[in-house]
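Chains as they are written, first to last, in the working numbering: chain A, 1 to 302; chain B, 1 to 378.
No wet-lab data here; the hints were simulated from the structure. Because the structure is a prediction, the values reported are computed rather than measured. Errors might be hidden in some of the hints.
To be verified - Footprint (simulated), chain A over chain B, 3 or more residues, beta carbon under 8 angstroms:
{"no.": "1", "stretch": "67 to 81"}
{"no.": "2", "stretch": "98 to 109"}
{"no.": "3", "stretch": "327 to 333"}
Stated by the list, open to error - Which chain B residues stay away from chain A? Per the calculated CB distances, all over 12 angstroms, these:
{"no.": "4", "residue": "ALA184"}
{"no.": "5", "residue": "GLU188"}
{"no.": "6", "residue": "LEU255"}
{"no.": "7", "residue": "PRO265"}
{"no.": "8", "residue": "ARG349"}
Yeah, the Cβ is synthetic: ideal placement off N, Cα and C, and Gly gets one too.
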Amino acid sequence: MLGRSADAAGADTARGPVRRLSAWLHRHAGVRLAALLAAPLFWLVVAYLGALAVLFVSALWTVNGFTGEVVRQPTLVNFRTIAADEVYRTVALRSVGVAAAVTVIDTLIALPMAFYMAKVARPRYRRWLVVAILTPLWASYLVKAYAWRVLLANGGPVDWLLGGPGSGPGYGLTATVLVLAYLWLPYMILPVYAGLERLPDSLLEASADLGARAGRTFRKVVLPVIVPSLIAGSIFTFSLSLGDYITVQIVGGKTQLIGNLVYANIGAANNLPFAAALATIPVLIMVVYLVAVRRSGALEEL
Amino acid sequence: MSAGPATPAVALRGLRKSFGAVEAVAGVDLEIADGEFFAMLGPSGSGKTTVLRMIAGFEPPTAGTVLLGGRDVTRLAPFERDVNTVFQDYALFPHLTVRQNVEYGLRVRKVGRAERRARAEEALRSVRLDGLDDRRPAALSGGQRQRVALARALVIRPKVLLLDEPLGALDLKLREQMQVELKALQREVGITFVFVTHDQEEALTMSDRVAVFENGRIAQVGSPAEVYERPASPFVAGFVGTSNLLSGDAARAILGREGTFSVRPEKIRLVGPPTAPGRGAATNAPELELPPASAEEASATGRIAEVVYAGATIRFVVDLDAGARLVVTQQNLTTSSADVAALRGTPVRLAWRAEHAVAVPDPVVPTPREKESAHAYR
Numbered sequence: 001m002l003g004r005s006a007d008a009a010g011a012d013t014a015r016g017p018v019r020r021l022s023a024w025l026h027r028h029a030g031v032r033l034a035a036l037l038a039a040p041l042f043w044l045v046v047a048y049l050g051a052l053a054v055l056f057v058s059a060l061w062t063v064n065g066f067t068g069e070v071v072r073q074p075t076l077v078n079f080r081t082i083a084a085d086e087v088y089r090t091v092a093l094r095s096v097g098v099a100a101a102v103t104v105i106d107t108l109i110a111l112p113m114a115f116y117m118a119k120v121a122r123p124r125y126r127r128w129l130v131v132a133i134l135t136p137l138w139a140s141y142l143v144k145a146y147a148w149r150v151l152l153a154n155g156g157p158v159d160w161l162l163g164g165p166g167s168g169p170g171y172g173l174t175a176t177v178l179v180l181a182y183l184w185l186p187y188m189i190l191p192v193y194a195g196l197e198r199l200p201d202s203l204l205e206a207s208a209d210l211g212a213r214a215g216r217t218f219r220k221v222v223l224p225v226i227v228p229s230l231i232a233g234s235i236f237t238f239s240l241s242l243g244d245y246i247t248v249q250i251v252g253g254k255t256q257l258i259g260n261l262v263y264a265n266i267g268a269a270n271n272l273p274f275a276a277a278l279a280t281i282p283v284l285i286m287v288v289y290l291v292a293v294r295r296s297g298a299l300e301e302l
Numbered sequence: 001m002s003a004g005p006a007t008p009a010v011a012l013r014g015l016r017k018s019f020g021a022v023e024a025v026a027g028v029d030l031e032i033a034d035g036e037f038f039a040m041l042g043p044s045g046s047g048k049t050t051v052l053r054m055i056a057g058f059e060p061p062t063a064g065t066v067l068l069g070g071r072d073v074t075r076l077a078p079f080e081r082d083v084n085t086v087f088q089d090y091a092l093f094p095h096l097t098v099r100q101n102v103e104y105g106l107r108v109r110k111v112g113r114a115e116r117r118a119r120a121e122e123a124l125r126s127v128r129l130d131g132l133d134d135r136r137p138a139a140l141s142g143g144q145r146q147r148v149a150l151a152r153a154l155v156i157r158p159k160v161l162l163l164d165e166p167l168g169a170l171d172l173k174l175r176e177q178m179q180v181e182l183k184a185l186q187r188e189v190g191i192t193f194v195f196v197t198h199d200q201e202e203a204l205t206m207s208d209r210v211a212v213f214e215n216g217r218i219a220q221v222g223s224p225a226e227v228y229e230r231p232a233s234p235f236v237a238g239f240v241g242t243s244n245l246l247s248g249d250a251a252r253a254i255l256g257r258e259g260t261f262s263v264r265p266e267k268i269r270l271v272g273p274p275t276a277p278g279r280g281a282a283t284n285a286p287e288l289e290l291p292p293a294s295a296e297e298a299s300a301t302g303r304i305a306e307v308v309y310a311g312a313t314i315r316f317v318v319d320l321d322a323g324a325r326l327v328v329t330q331q332n333l334t335t336s337s338a339d340v341a342a343l344r345g346t347p348v349r350l351a352w353r354a355e356h357a358v359a360v361p362d363p364v365v366p367t368p369r370e371k372e373s374a375h376a377y378r
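The shape of chain A in the complex, shown without the other chains (with noise of 0.2 angstroms):
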């Protein structure tokens, strides 16, 4: 390198150190690559995965009543205790249930408004409508569970839309089901939109030619052809339910989920360990969940 450099010297310092440098790192591939990912790659590995180690680490540690003090000795006594505990099993369940309310809902909202607007709504307004479904992004997550407290209030809008005071399903678990769907609705519509939007008109065109009625084109065209999709926002709407535990405290009433839990024992509780333990329960869920994706040949299809 150096030789090569020697001979054109010259001209070397005529180009400047800036060019120079560019040269050297055209010659040299690989100082490249390492250059462009060494800042994500630490990321990555350092805040993410190092995080999430400390995590199922810390998880088989212990807390020691008296003191209070963590006590680093691996044991397997806060799983345990979740297995063996009937509220905690409930709690897990109940969480899932939620997430797959949440993600069924939500797909089934997303589905005709996507397919609205990639192939009825003219061209010029499918940007505006893109736009609208952002925008609730855009405020903060707390005023929206709040204003959703309002409107569930005992007396609030819901229950005077329904009848009187008392009709609406108040605070509770279906209040947090409907809020997660309201929540993570344009995750689901997103991917579905952009799907939709691949998908050519002349598919649905050939056939509708071909002899089929609007709802078998759907189910044998429109639905295969989106899976991969449905399956990128269900795993937002899902993993998102999962490890929400804001929305739940603001309108669930007494509802527990896991993310309560976890709170619970990193705050009043004080047992970060237990919390760690009880955080791998949505982990191990998702871990699970990907693979049967995996499984079924939808990834391959993204």
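Given the structure of chain A, go ahead and fit chain B onto it with the hints provided.
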């Protein structure tokens, strides 16, 4: 549904279609006979594809009716019409295999498994595509996809098959091969084919009749020979073949007649040169002198302005002394290819049989008032 032998397979009456302020189809009347190979030819934006889509049922007409086999289908959905379409992009279902694609229409019609399989195989064989049943469209070449699209439409045995620029995406060699195959296939299955294309050669070589579209109207309908030899307007003369028009003073001077005349370039003989200079080219040869226009033979003198070497043929662009420009096509027999460029600027005499100068009626240009009323129609 039963139709007498005289009932056309497709009949369009006063068909119009507007998109906002644009009138894509401005009144089309057309009858396509049963078993005909019919081409709709025109430049892009001339309304031919919109007419095809209205026959298929993808676009509702703004006005007018569509009759299929004598039945009014104007208000029917695509799945209620006995026509099938081969799309320009083929529109194969990407998540289905070749066989599943072909069986789609049969499945919709609840045809039993065994019959479905047999008919799909037969259709794939008729387009000469077997052995690829389990492939996905993504794993096929353009020509193979085209055949799958054909088989998928033919397997249902529609009364009419609509083809929207089906050869547009293929390369030249494959296109020429498919032209021959499509024609043979149509003869074999006996289905009415309605074919949209902007390629005049494709329309002439394949179809029984051609409709030439211009600005949302049909400029001329006829057999390929009629449309080519007797163009009904200067537009048709120019779009179907090379525009070779004599009009005004030039027509008066050369033909001794009033009006606009079309002479096809291959009908014109180049008299005198061209032989390459240096090989005894006689620029003042006696045959260059203009004989009087006779009943059988017309001729004109001019100068070669441009020479286009096209392999099998050579095109000479000749500026006539009488003030028009004609294109002459010659087989590449007489001239050594290396020398043709040197002929630029050489004086020549052109001659053609009098009957080959065909009078072209002047176009019926809509007057401003008619345009306005068309506008008010929307």
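Each hint, compared with the structure:
no.: 1; hint: 67 to 81; verdict: holds (count 3)
no.: 2; hint: 98 to 109; verdict: holds (count 4)
no.: 3; hint: 327 to 333; verdict: violated (count 0)
no.: 4; hint: ALA184; verdict: 24 angstroms, holds
no.: 5; hint: GLU188; verdict: 21 angstroms, holds
no.: 6; hint: LEU255; verdict: 50 angstroms, holds
no.: 7; hint: PRO265; verdict: 39 angstroms, holds
no.: 8; hint: ARG349; verdict: 54 angstroms, holds
Comparing the model with each earlier hint shows a violation of hint 3 alone; every other hint is respected.
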